[in-house]
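Chains as they are written, first to last, in the working numbering: chain R, 19 to 628; chain Y, -11 to 292; chain B, 761 to 1077.
For the record, the hints were derived by calculation from the structure and aren't laboratory data.
Among these hints, one or two may not hold up.
[Stated by the list, open to error] No farther apart than 25 Å at their CA atoms in a straight line, the calculated lysine to any residue pairs in the SDA-like style are these:
(1) R:K145 / B:R986
(2) R:K145 / R:R89
(3) R:K217 / R:I277
(4) R:K409 / Y:Y77
(5) R:K105 / B:R986
(6) R:K97 / B:R888
(7) R:K150 / B:I914
(8) B:K922 / Y:Y77
(9) R:K126 / B:L1066
(10) R:K126 / B:L768
(11) R:K126 / B:T879
(12) R:K126 / B:N762
(13) R:K126 / B:C1067
(14) R:K217 / R:A235
(15) R:K97 / B:S890
(16) R:K97 / B:R986
(17) R:K311 / B:I765
(18) R:K126 / B:S890
(19) R:K409 / Y:G79
(20) R:K52 / R:C81
(21) R:K105 / B:L768
(22) R:K145 / B:T879
(23) R:K217 / R:Q148
(24) R:K97 / R:S67
(25) R:K52 / R:G80
(26) R:K320 / R:I277
(27) R:K320 / R:G488
(28) R:K126 / B:D970
(29) R:K312 / R:H605
(30) R:K218 / R:D358
This structure is a prediction, so every number in the text was calculated from the model and none was measured.
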Amino acid sequence: MNEIVRVSGLRVAARNEEGIDVPIVHGADFSLNKGEVLALIGESGSGKSTIALSLMGYARSGCRIVGGSVRVGDVDVLKLSNAELAKLRGRTVAYIAQSAAAAFNPSKSIMDQVIESALIHGVLSRKQAQAKAVELFRELALPEPERIGARYPHQVSGGQLQRLMAAMALITDPALVILDEPTTALDVTTQIEVLRAFKKVVRERGTTAIYVSHDLAVVAQMADRIVVLRDGQIQENNPTEQILAAPEHPYTRSLLAAIRPAARQGAGDQEAASAEEDVLLDIHGLEICYGTKKVLQDVDLKIRRGAAVGVIGESGSGKTTLAQAIAGLAPTTAGHILLDGQPLSRTLAGRTREQFRRVQFVFQNADTALNPRHSIEQILGRPLRFYHGMKGAQQQRRVAELLELVQLPASIAQRRPGELSGGQKQRVNLARALAAEPDLILCDEVTSALDTVVGAAILELLRDLRRELGVSYLFISHDISTVRALCDDIVVMYSGHKVEAGDQQAFVQAPFHPYTNLLTNSVPELRQGWLENCGAAKGGLPPIGEPTSSAHLCPFLDRCPVRIEGVCNRSAPPRHNIAGGSEILCHHTGAELLKAQDCVNSMKLVGTYA
Amino acid sequence: MKPNSISPKASIGSGKDNALKQDGANEPVRTRRRRLSLSVGGVIGLLIVTFWALMAVAGPLFAPHDANAMISDGYFGPLSLEFPLGTDYLGRDILSRLLHGAPFTIGVALAATALACTAGVVLALVAAASGGWVDALISRTQDALIAIPNKIFALLMVASFGSSVPLLLLMAAFAYMPGSFRIARAVAVNVMTMDFVQVARTRGEAMPYIIFIEVLPNMLRPVMTDFGLRFVYVVLLLSAMSFLGLGVQPPDADWGSLVRENIEGLWAGAPAVLAPAVAIATLTMGVNLLIDSFGGRSKREMEK
Amino acid sequence: MNSTIARLVGGRLAVGVLTLLIVSLVVFFLTSLLPGDAVQEQLGQEATAEAVAALRAQLGLDLPVHLRYFNWLGGLITGNPGISLVNGMPVDDMIASRLPNTLKLAAVTTLVSVPLALTIGILSAMYRGSIFDRYSNMLAVFAVSVPEFLIATIAVLIFAVKLGWLSALSRSVEVESFGELVRIYALPVLTLCCVLTAQMARMTRAAVVDQLSASYVEMAILKGARPIRVVLRHALPNAIGPIANAVALSLSYLLGGVVIVESIFNYPGVATLMVNGVVTRDMPLIQACVMLFSLGFLMLVLLADLCAILSNPRLRK
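Excised from the complex, chain R in its bound form (with noise of 0.2 Å):
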């Protein structure tokens, strides 16, 4: 056998609040042989970092390693001593941080960072290093790999320093990487360029691998076997065809079946919404700045009463700016907002109490957005009374009422936000803008800061409270599927301007506005070979001269494979309907689109859908 990781019975603890060690991993066993990939999956507090940190015989502050052995080739990690340790972290186990940006020295050039533990460990003089550093940058599919080296982290992007740090990994040819979550901090169409090259150097080089991950999707394309962990056990360790195909444990099954984006069922609640054109909210050549910079641009958006609208996009997309503009958060430089036929003011300050009450608010992080100061019910009554005049008795009684609502036991009430768990605090959340008994709710990644499993009980919860009360909502997302499974209708953000609006079904098949396609085909499905097939953002981008007007181009010129060179760089998009009934921002016909992208799409849609 090439065994070159043994874990036997690794017990780790945790210092809690009052000082007693509690235990947050207990007795893990798993082996790994040498060329393998595995992958620690799990959701928050599952242990999964923690076990894969003890592999370098390293504890975050607070914790301890308290007990079972930890085997690389031929020593027992957990036996060394702190300068033994010194001698093996960098050199036979290599560690790749969750955020690069973080995980590197901002006041170091990234070649020194890069071949630090080369020469830390003495295996390859400075010349050597940089030459090998060169050569990774290279295989990685870095810019400019010859120069990249001498910049510094702030002076290059989040992606390319995932992968830079995946070099200074490899640089001593470590027997062992550890990948900690390495994309999750990622947007997807980055993250699908970052696995590529990943994959790339580790099936290239042979590198025996630990992918720490929650995403299931993602684990697929990288990983041989996969051990599933919950609390700090281990559920299951299986190859990774036989955890997709035939999951064993009922934990593992739960964990797929709430990544499955849940299909719509069907027209059912679509109904009420659509019978007539009653629209609440109508938003009209929106624009807003900071300072000079656009941060949207000429978007229009109307929802429908009872209707819920998704938006998405990448960071930066100015989605986020949108629902602050709504709310009166982020004043507008032009257009209007309708509520009802009636303008809404571009600020707080010129918004009549009935219009506050009318749209409420759900910020992403539950953590920040209730005071901590507050009993919970302090934070629902505040609305009841300022909205609605309630007090008393009469409060208390519609608190527990709104507590039931959100499928929360009414005795939390007197308990503050610090004692609740973050799905908790976001069914608070929710029920604190319900107690306004508003018109509109803008949800801004209301799930994202959550588990899998707790996010979509909680995208289960609107879906149930939207047909109950009849409530509209904006809901806001980086994660497509998410809004495929909540949404009638989709708008596509892009660098602050809307490049798709259409229907939940135009949605489901070509032709897309080419972001919305490679967005798409940017999420990771849940099965291996998706990463090698899947047609996005592979090979290069149609070579395109200088824009000659800047100012009004597409703005998704520089990443758009299939640009037009003579049309994309000289003038400004159309926006047009297409087939399947979207309303798109570009150069090209629906007849284009769908012959570029069909037929790598169509084939993968079954498969999702069927």
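Once you've looked at the hints, dock chains Y and B against the given chain R.
Frame of chain R, contents of chains Y and B only:
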């Protein structure tokens, strides 16, 4: 806006609940006990502070002798049963003088600190809530005041207005207000950007509600720590002024004055000069120990 | 030097000048709220009204307040801060004769305390939680809690009175030998250093500890870097800004600390001059001294800002 890309770095509201993130529906509500746990140093600090707080109120009642009576023949007398802390340069009982000085040293400093912190916090809230030019104006002025070192400012005030007790109080309050303002403003601006404040704004709440109900309760802890630190500075400043002969004037005497009037006793190693100095040191050290055990001090120090 | 840095530095300078202007306003109007007293005092109660008025006119005190302010400010800028009300000497001469002494004291104190404090601070950050860390922390709390005059008196008691090693008073500042230098400066410097070092060490420790909790430090450890390398090569370059800030703030404490120390040791510096000025209510002298100390403070802060700006890799080309 991807999961995990946000690190709630803010000092408040970051519930550490990654151990248990089950969904809320059927999960039993977790309770977290909040205990005020003090280290050994903290307990000692608390005892000292309590003791001096009592003395500040009731000290003069415990005095065994008349503080101004020259009752002993010996100048700079040693420790004895009759005069537990010896006698001073005029043969007065040091213990009694010390106890009579306690209200001056502790009381004046406490009042000055309270004034400084209240003014600082109020100005900070006004600045943070208004923003724009109001904020700029207040901040610039406070920055200018901070640029005059405290002791130099004290000398300037005494030179202009003399050194009566009310003036000393005002002077100390003025000298330490800018520092308090700075910290309170930093905290307030930080809290103002929190999502729960944004929620209140989009609910249509008026500024007073936001300031008093949403923001202020979240500022209490840092402001209280700052209060303790500032109290120590004020005690040291007032004592230093008295030591220079520019603070509390005879016949009243605070602890700084006691050190000054008995400085000649230093050559003889008389307890008269050491006792009041040690009293000041224990008071300030007690407060420091107490603050230290609450933590978060080093951060405050960075902001002066 | 790129344009961003130039713009930032220029901005800091402008703010410094503006702050100094506001300080001058505060100083002038605080000292002018009770006009006339000094003239009356100087001439005595028997002086005739005419004599008082004549002197006031001579000193420019009969002009409207804002004109007096501009006269005074103009004087300050051109190096002519006025004439002492007490002995009629030009204030700039009085200060000029004392300033070098105070600067010498400050320089010696800085030279001793900064290296000491940085060493203690960095060491206790590296070995936080160790015995060294805990004891240095306890000592620091002790040092910042004790009034300087207690430290000074105890030091005098031990070194000058009991042991007779050092002189308690620094009447002469003309140094002829190293032994003399030590004898004269040892006690004042020791006193100033106690508080200064403690404060600076604590702030340095906090700045380094802050960096040590960063992700890139964990990464360095996981690359196999030893603790010394982690601190010196990784954490320290990023802590330069906060440490410079800590040093500047602590040194600005020195500006107030010299008041007590110079008085106790009867050291002929600017601070004793100012204390005497306060006793005699010599307003032009006090005004000038306050402006001088504030200028010192602002220069320190400016230097710290410069360090922070120049050490920020994001501003590098």
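Hint check:
| no. | hint | verdict |
| --- | --- | --- |
| 1 | R:K145 / B:R986 | holds (23 Å) |
| 2 | R:K145 / R:R89 | violated (33 Å) |
| 3 | R:K217 / R:I277 | holds (22 Å) |
| 4 | R:K409 / Y:Y77 | violated (69 Å) |
| 5 | R:K105 / B:R986 | holds (9 Å) |
| 6 | R:K97 / B:R888 | holds (24 Å) |
| 7 | R:K150 / B:I914 | violated (64 Å) |
| 8 | B:K922 / Y:Y77 | holds (21 Å) |
| 9 | R:K126 / B:L1066 | holds (20 Å) |
| 10 | R:K126 / B:L768 | holds (22 Å) |
| 11 | R:K126 / B:T879 | holds (23 Å) |
| 12 | R:K126 / B:N762 | holds (19 Å) |
| 13 | R:K126 / B:C1067 | holds (17 Å) |
| 14 | R:K217 / R:A235 | holds (14 Å) |
| 15 | R:K97 / B:S890 | holds (23 Å) |
| 16 | R:K97 / B:R986 | holds (18 Å) |
| 17 | R:K311 / B:I765 | holds (22 Å) |
| 18 | R:K126 / B:S890 | violated (29 Å) |
| 19 | R:K409 / Y:G79 | violated (69 Å) |
| 20 | R:K52 / R:C81 | violated (29 Å) |
| 21 | R:K105 / B:L768 | violated (43 Å) |
| 22 | R:K145 / B:T879 | violated (34 Å) |
| 23 | R:K217 / R:Q148 | holds (23 Å) |
| 24 | R:K97 / R:S67 | holds (20 Å) |
| 25 | R:K52 / R:G80 | violated (32 Å) |
| 26 | R:K320 / R:I277 | violated (30 Å) |
| 27 | R:K320 / R:G488 | holds (17 Å) |
| 28 | R:K126 / B:D970 | holds (18 Å) |
| 29 | R:K312 / R:H605 | holds (22 Å) |
| 30 | R:K218 / R:D358 | violated (54 Å) |
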